[in-house]
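Trainee: From first to last, the protein sequence lines stand for chains A and B. Under numbering that gives the first Met the number 0, the first sequence has 41 at position 42, and the numbering climbs by one with no breaks. Under numbering that gives the first Met the number 0, the second sequence has 162 at position 163, and the numbering climbs by one with no breaks.
There's no promise every hint is true.
Pairs count within a copy or across copies, as identical chains cannot be separated in the list.
With a straight-line cut-off of 30 Å between C-alpha atoms, the simulated DSBU-like cross-links for lysine-lysine are [said to hold, decoys possible]:
1. Lys129 x Lys229
2. Lys229 x Lys48
3. Lys11 x Lys165
4. Lys77 x Lys129
5. Lys77 x Lys51
Derived by calculation from the structure, the hints in this document are not laboratory data.
2 protein chains.
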Amino acid sequence: MAENSPGFIDGKIVRGEDPLNLEMPFSKVDQFITPTEWFYVRTHFPIPKIEKRGWRLRVEGEVERPYELRYDDLLKMKSRTMVTTLECAGNNRNFLEPKVKGVQWGLGAVGTAEWSGVPLSILLDRAEVKSGACDVILEGMDGGELQEPKRPSGNVHFARSIPLAKAREDVLLAYQMNGAELPRQHGFPLRAIVPGWYAMASIKWLRRIMVTSKPFTGYFQTMDYAYWAKHGDLAELVPLTAMQIKAEIARPAAGDIVPANSNVRVHGAAWTSDAEITKVELATDGGSTWNEAKLIGEAKPNAWRLWEFDWETPAKPGKQTLIARATDSQGRTQPVERDSDRGTYMINHLLPIEVEVR
Amino acid sequence: MAENSPGFIDGKIVRGEDPLNLEMPFSKVDQFITPTEWFYVRTHFPIPKIEKRGWRLRVEGEVERPYELRYDDLLKMKSRTMVTTLECAGNNRNFLEPKVKGVQWGLGAVGTAEWSGVPLSILLDRAEVKSGACDVILEGMDGGELQEPKRPSGNVHFARSIPLAKAREDVLLAYQMNGAELPRQHGFPLRAIVPGWYAMASIKWLRRIMVTSKPFTGYFQTMDYAYWAKHGDLAELVPLTAMQIKAEIARPAAGDIVPANSNVRVHGAAWTSDAEITKVELATDGGSTWNEAKLIGEAKPNAWRLWEFDWETPAKPGKQTLIARATDSQGRTQPVERDSDRGTYMINHLLPIEVEVR
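Start from the sequences, fold in the hints, and give me the full structure.
Mentor: Following this line, the structure appears as structure tokens:
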């Protein structure tokens, strides 16, 4: 990370200034809830300036009763609080060789917060979704002209769809983060939280909920935030959805110096989607032998699990390669090699980290 | 066209050698059926070498009875002959300013032939399509590794899907072109003919018919051969389908010299999709006044209509700008300006052609 020397804002690594992209130094992670001020910031366009008073959320499309909500209306509705891990679909991109386009995230485009707001199902029920509807488009206020070669003309708002079943199951429209009003950079006044999915789905600065009767094929789920799924020898373009299982090491960090012949606490976090982390293993010899780490606390759905391991460092000084590997209750684990059909996203292959024993 | 001096093969303009792309000089068009040797050739990969004996067509996917057909089986089935115009979705790309990527077709990536073969509906019925099926993927033998940035890994075969209703309505699997065996460069031994659609859908060198229960999102209908459709301020990526209405002038051609104060026959062809050409107009003054041309012969579904106009050329020598404009039975006509959401395809805005009166 040092070779990028990207500068810091409020203790976060600057991965881009226009639009603003800030990464949490992952070495800070040692508690279940990520403090709001550490939480990574991902934007695609300038951050919208929204006033509570003028803001409206429209609910429309394939519904019997389209309507608009004001901020005050939301506060009066039945609310729910949940702890959810959000990870950017491009987290760890900085580790890809050769380098690829996109924000060069290291380990820290991920965080866990407590979100409070109104379940999307309540808003959908109030609108009376028509039969035949299948998708719910969430659209943000953030937008602008795109620069990529295959782009739509004019202003494009960040928008993404969710199948109706998922939208009804557990999607939250959050106006609070960690017990306080949602900060501007995290989507004020209202953002979606889509548990278990990469965070591109958790649309910020919400302005519209649009129910549709056919799958949405907007820019951010076709030209961007999509991957190639193989079915036999057919490749199909599929929007990114579920987070892929992953363990990351918080400390020691790459390049750290650890004392020889000592007990060193190795710790980090691991997460998956639609399952529980059941095992985190650590190799301290580059991957020849794997030791089971201790999982900390209790498993919570769609939130990361902290883990730790007491490493008895070798007596002999020298470089050591640490690798963490997670397994979940569906039996999934991390691949050793990168799958190129994932493009520049869903990077969850094993990431060796070199430290120096001295 | 002269400034490109691209060379010729068999009287056709070479627009690419590897893969092979050959254009018919549109100035040759003066008969309803395009002779096979003039017909434009469009390939994306090396032309497959296929022997009748070893070739098989698989029909599979969401069907009760998947099966394989041999070439001889096809010849024994009920056949149909139809005249259909095929146009490359990138026809006229050479006229775009600024220049865009892709084969630089002039006017002649279009042609009309008589196709004979077996209706796709017969093959589908034999397979007993399951309820819930919606799409039919047609896959060719032609394939290879793609070079574009956002590509699937490995070999990709040229493939495209058609909604089941269209597949049953009028799609033909043709083994003859203009009364003779299908030539190798046009898809031997079997190609699809999808009437009214741009020709990327008329898959050549067929090897597989695959019925699916969800819309196919393969490379050639997402990353390529797709455009942005606007619904309010939402842009959706949509596969190219229907040909857009268009009239082209065969003669005089751009740069031709015509005698002053004479009767000059201006002629060409016009086509549309799912409608009849009802009017072709010609402006000889750059578009200030429009004169109705004479439509030749009878309207046939999904085939072009030839037209002609007797132009009394001005007495005064100088440059003159000719523009043809078609209208169809659905009231559609050609736009004056290019719509950038169409990317590098569906180019049917008015194309002025300059000639010299001397």
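Trainee: Which of the listed hints are broken here?
Mentor: Number 3 - this is the single hint that the structure violates.
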